[in-house]
Structure formats: structure tokens, C-alpha cells
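Q: So the sequences go chain by chain: A, B, C and D.
Take the first sequence: its position 49, counting from 1, is numbered 47 in the working numbering, and each next residue is one higher.
Take the second sequence: its position 154, counting from 1, is numbered 152 in the working numbering, and each next residue is one higher.
The number in the working numbering is simply the position in the third sequence, starting from 1, with 318 added.
The number in the working numbering is simply the position in the fourth sequence, starting from 1, with 318 added.
Errors might be hidden in some of the hints.
[As the list claims (entries may be wrong)] Straight-line C-alpha distance at most 27 Å; calculated DSS-like pairs for lysine-lysine: (1) C:Lys321 - B:Lys146; (2) C:Lys451 - A:Lys146; (3) D:Lys321 - A:Lys146; (4) A:Lys162 - A:Lys146; (5) C:Lys412 - C:Lys390; (6) D:Lys412 - D:Lys390; (7) B:Lys146 - B:Lys162; (8) C:Lys451 - C:Lys390; (9) D:Lys390 - D:Lys451; (10) D:Lys451 - C:Lys451; (11) B:Lys146 - D:Lys451.
Rather than coming from a laboratory, the hints here were simulated on the basis of the structure.
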Amino acid sequence: MTGTVEHPDRPPLDRDEMARVVARDIPDGAYVNLGIGQPTAVADHLDPARGIILHTENGMLGMGPPAVGDDVDPDLTNAGKQPVTELPGAAYFHHADSFAMMRGGHLDVCIMGAFQVSERGDLANWHTGAPDAIPAVGGAMDLAIGAKEVFVMMALFARDGTPKLVPRCTYPLTGLACVSRVYTELATFRVGPDGVRVVETFGTTVAELARRVPVIHRLA
Amino acid sequence: MTGTVEHPDRPPLDRDEMARVVARDIPDGAYVNLGIGQPTAVADHLDPARGIILHTENGMLGMGPPAVGDDVDPDLTNAGKQPVTELPGAAYFHHADSFAMMRGGHLDVCIMGAFQVSERGDLANWHTGAPDAIPAVGGAMDLAIGAKEVFVMMALFARDGTPKLVPRCTYPLTGLACVSRVYTELATFRVGPDGVRVVETFGTTVAELARRVPVIHRLA
Amino acid sequence: MGKVMPGPAEAVTGVGDGATVLIGGFGLAGMPVHLVDALIGLGVGDLTVVSNNAGNGDTGLAALLAAGRVRKVICSFPRQADSYVFDRLYRAGKIELEVVPQGNLAERMRAAGAGIGAFYCPTGVGTPLADGKETRTIDGREYVLEYPIHGDVALIGAHAGDPLGNLVYRKTARNFGPVMATAATVTVAQVTHLVAVGQLDPEAVVTPGIYVDRLVEVGR
Amino acid sequence: MGKVMPGPAEAVTGVGDGATVLIGGFGLAGMPVHLVDALIGLGVGDLTVVSNNAGNGDTGLAALLAAGRVRKVICSFPRQADSYVFDRLYRAGKIELEVVPQGNLAERMRAAGAGIGAFYCPTGVGTPLADGKETRTIDGREYVLEYPIHGDVALIGAHAGDPLGNLVYRKTARNFGPVMATAATVTVAQVTHLVAVGQLDPEAVVTPGIYVDRLVEVGR
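So that you can see chain A by itself, here it is in the shape it has in the complex (with noise of 0.2 Å):
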């Protein structure tokens, strides 16, 4: 168990940089699934070299780059429906067999955005709550359970300024207990069974930190 490494005098992560920290965290030769969204940009940050495999939900493992100019191809998109492509050694599954992959435990990380996590590794990220808004889920409930670690990207404060790492989600759940690891601007965390452990701050310190958001403890 390594201390907290505290960045105080660099600027906060931009999103490219907070990309790239994720994508090292992610095991050589892991299985990745990289939600819609801020996620994707992780892929820009794997070297083939690494052996990491993308899958996405809507039935392919080996998924490579977005697709330009005349790759597009209307038949192969991601789970956010961009075009992507194929790399050697993909391989193609319905929509069963993609999820029997992902809830059987067979994913070792997937990598989603979020409206708050809790304390616990709970995670709220596909509704809002709000009496007008569209509720949809697609596959983050199965990812939350299916994967074997959770990463969360997020912003560390709302746009109102409260903390998106609280005690106890307010929004609806997504999953119990299911996060392990939250990326934000400011600092990246471990979420276990004992709380939330600081790793790294980027612009601030934790002490600085702990005052904002109540429940990051360090941990000796």
C-alpha cells in the first residue's frame, strides 16, 4: 500500500491528460470496455504493444480506432454508434453473447462516466432523477455488475459545486458497490470496503481536498 502522491503545483488533469492516467492503470493483455462518452478517449492512450482488447457491447472484441474518411462503415460502430474498426484477430457475437460475456465476469475493466459515486463504490450514472428527463440505461447496470473492476471518469464537483464523491449516491443507483477506481480533474481515488483513498491530487493537495469533499480520508 503506497502513500498519496500530491501534485500540488502542476495544474489540475486536462481530459487528454486524465485519458492517458487511466489508460496506465489499465492492465497489459486486459479486456476493456470503454463506455460512450469522455471513455472513449482512453483508447487513444493504448499501445498496440500492450495487448489491451476492446470490447464494445454491441457485439465485437478487437475494436480498433474511430473510423475516417472511407473506413466509415455504417455496419461497425461503437456503443455510442461512431464508426470504429476492426483489428486483426476481432471477433463478432450478438447481442446475447455479448452480455452473457460482460455479466459473466469476464471483462476486466470497463471504464464509464458518472453522476456520483459513493463512499462504498456505488455508482448513479444513468438517470438524473429528474421528473422530465428520458430515462435510459443501455448497458451500464451490466457493466457495473459484469465487469471485474469499475473505473469511473468524472469531474470531482457538479456544476453547483458539491462533490460528485459522496457518502450515499442521491441519484438513482446504477450498482452496488461496483467502482474501484475514480478519475477526476483534481485527483484520483480507490474505492474499496474501507472508503475512499486518495492516489494522486493534480493542482491541490488532500488536505485541500478533504475540506471540499467529505469523504476522502487519508489513509495511513
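Following the hints, complete the assembly by docking chains B, C and D onto the known chain A.
A: Okay, now just chains B, C and D, sitting in the frame of chain A:
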């Protein structure tokens, strides 16, 4: 509802004739599973023009005739592990898919042997119940509940002279109320909620059968 | 064999008011646009549609919704950048929505096709989508009891098919098609290419013909 | 990627006494004889073997049984013309037998691979093989509750594989391999041909590499 047809003056059906009678009753275009042993012979009487497609539970639709000589391939067998051939338009699938097909009610007909069939269509064909017997069920229970219709081919009487069409099975059951037709050397039957109806006799009469087989009633 | 239809209109004949219609596709990839257009032309209404999304742009499922033929949508992800037809109907209270996690949608249809009466599923435990559902702890893990989703008809898109109904798909357009094909009373496939029996590799057939009742060639 | 092993002995390293071993094959078709021989060479015992049959002749599973390494066999169809090794052990009371309907064997392993906690199954209702099992009536039909079968290791045979672990099978030798590959903690495949990454058609891969931990080329 047509009446019973009696052929008292001809001999009982031989095995080949039984297979032919069964084959005649399979609807054109049906998907059919032929059990191990006697039912295998039904395939010899299916005119290809009738478009009947054979399923074998070890993972194939479009099974062709037995393989002989150079066509024998250890990777291509029927459920009885005998070498068979592949017809144009065949498809292979794994065991879970094969039994999902069966159990999901997609096969039109399966044909099996039996130790006993009850008057309400209960089937006993996997275990004699003898203490020294090694039980083996294979796919029989899945076929019994899965196929839309279960046809049984069997001798009408056991070696000890007792009928195999019985009020209630005394052997361990394979499936409940699943058999719809029974083919024997002396007669063919329909079985259903209303009991047993003799369809056709060979070398005997309904009256004679009714004396020897208590569950037989001539329907009005 | 009689499975090949002259056009999409003939292919969807017989779908009735109030039917449950499974519609393939993940967004527009695999969406059977020609069949959906024919369904619109058929004039039936009060439909329950099961599909991953709730329409994209103005074609396919979105056009069916716009025509006012759908009473209820069962899907995992209605809210998308181009789901404006659904959004408008939903906000106007003109359409019912049941959100189902994507893996449950797939697995519940697989269960319907495989004869499974219900299954204990890890997805959604502790979330609002499991509210009111039966749960059970098995080997220390909590599961939710989920039931099959059967369709009266499935409309799917495939890459190529033969007159026996065997289908292959193309890349991630495979998605829900193979699962839906197993889960409906009548399955109708639009195929880009109709090929002769024997032209599809039996090792690569994804949907065996037993699951396909009608198919129609629509070209690119 | 490190999945390709120099020989069968290295491929089965780590299997321990008392392990549950899933062994592919339907009779000898798909039976991973080289891996089973290596398992015999490893010297471990007290194994529980899950396989469709209980050995044929003197090779593969039959050899493992003859070597006295197996405490219990879970299978659908032990009794065959050439199952004399098993028959002798069974009659001598030296081996335990659990007979499972073939479809349940496949579906229970699929459930293990797909994260399903248990499922209601129509097979075996009212038969001795459902004795003592929980039942439930759903929509007027009776079902038996069945639980997953997990393996510590799966030993399977395939036709060709690539270094990522993607596998294709040949004809009805496919049978249980793809299901078992999903259901074990460690899956080991013997392949007739090892091919380069990119040589297998992504549309025709049956077992995606995520399910395969080790593979070894054994030739014809």
C-alpha cells in the same frame, strides 16, 4: 376425426415398414430430431423433395444420410455417434444453442423409442429402474418437453408379454404428457388428453388389441 | 420451401393490431428499415415494440413511432442525439416507455427462445429498475428474477440469407437479430443478399433457418 | 500474449487435486485427448469431471478414469457400447455418478459463464432427476430450478486457434467446447492448427479469445 383403419389380414409391420409409416406422418418442411436406434431408420424414407430438415442434438441442422467409406469423418456424427453426412444448407452450432433450439419449442417433431408410454402421453424411456442398471438420459428429457410433437416407435409388448402402452408408467419417467403418437408393429396410436385412439392396425383388429391392451378405446 | 417473399409487404402480412414486435438493430445498424416501412404500410397499430433504442432520425422505428402506431416501447436506451420523434411523443404523454437494461433485454429474449421460464440475474440489484421484483441470494450474491420477453413477430436485418432461412450478419450489425429470431412466433428477415442453398458456410451460419419463417431480399 | 503453450504438459500446469474439470467432446468428437493425457501425466487426483459421456474405449476421458484419478463424473450419458472402463468402476463402487439431462448440462454451464444465478427449466419436470429440486409454475407451465456448473478448468478441443485464443471448431466436434470455455476459471484448448492473428474470419470465430487462457497446437 376419421375412424380407425384395420388391416387384420396383412402381417404386422416390420421395422422398415414402421419407419415408413412414421416418415409419412411427418409434415413436409418439418424440423425433426431422430433419436438413437430405431428412429434413425426413418431418415431412409424421407423424400428430399419434402423439405424435411433433420436436427441432431450434438449441434447440427441439415444432417444427411450415414457416411460410408471415404465420407466417414470422426468430426461429423449423429447423436448415436455414428458417422453421418452434411446436406447443402446445413448449419453447425454448439450444445447450449442446440438444446436452446430444442427446449425453446422450435423442433416440430422428435421421434424416440420407449420402455412405456402412458395413456395420457407420459414417456418412460431412459431408465429401467433396475438396481444394477447404469442410468443414462442423454437428451431424452429435453426432447420430450421441447419438441412440438413427440412420436414414439416401440414394440407394443415387452418381452414378458405385458403391454408397453399403459395406464400409468411403472418405469422412471422421461417427461409428462408429452407423447402425441405411438407407432408399433401391430398398430399406430394417437395419445392425448382424451386417452388413446387407435389410428391403424396391422395383422390384428381393434377388438383384439383392446383385449390385450387395457388402455385402448375406440373413439366414436 | 416457401420462405422467400416477393417483397417486404408480403413479408409482414398477418401482423395484427396490438402485436408485440421485436425490431432488430442497434441504432440504425441492423435495423430492418424495409420491413418497418412495410409494417407502416400495413396500417396496424397499438403495437408494443421491443428494440434497443427508440428510433433514430426519421427512418425505420422512428417512422413507425411518428405514424402513431406504437403504444409502448420496451428498450434500453431511448434518449439519443437523434431520437427526437420518440422524445416528442414521450413528453406529450403519447407513448409508454419501459426501460430495461440492455443485457436483460437480450437475455430475456434469449430465455424466451430457449424455453427458460425465468432466471436470476445480477443486473440491476439495488437499483430502481429492480423495484418490486423478486430477489434471491445465491452463494452470497444477490440476484433479481427476470422473465422472458416473447414477440408475436420479429423483424430483423441480416447480410445474407438462403431460401432455407439460414442467415449471416455483417460486423456489429449482427447485434440483436440472432436473439430476436429465436424469441418470436414469426420471424421475418430482410437480407441484403439472397443466396442459393449451399452458398453459406455451415460453420459460419449465425441464425439457422429453423428460426426464420420469411425472408426478403432488399439489396443495399 | 503468452497464451500459446509449448506442449500439453505446460498447458495443464496448475490443475490441483480435487479440481472440477470440464472436458469437451461428444464421445470422441471434440475430446481433447492430448490435454487429458497431460492431465494424467500431471498426477492429480480426486477430480470431479463434467463431460457429456463417461469415456469411450481406452483413450481420453476413459484413460483418466482408468488411472483412478476421478472421484465423480457429472454427465448425461455414461452408458455406451464402449464405456467399459467407466462401467467397471461404477459397478465396483469406485466412482460417483451424477446424471444430468444433456440440455441441463449445457445450459447450466452456459449460466455459469453468463453470470446467471439460477434458472427455471422445463426439462425433467415430474421425473426422478428433478426429485428434491425446487419447482415453480410460470404462466401455467411447471419448471425446475437449476443452478450453474462452474469448472476450475476446462479442457477443450478445437480445429484452429490464433495466439489471442480465438477458436473455430469443425462440424459436430464443436459440441460442448464453446460452452465449457465460458464456464471455467481457466480454459485450455488443444487446437489442430495454430494460425496467425488475423487468419480467422472475425464473423466466424466461435469462441472469442477472452474465454481462452492457454492453447496448444497438437496437429492431427
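Q: Going back to the hint list, which numbers does this structure go against?
A: As far as the earlier hints go, not one is violated by this structure.
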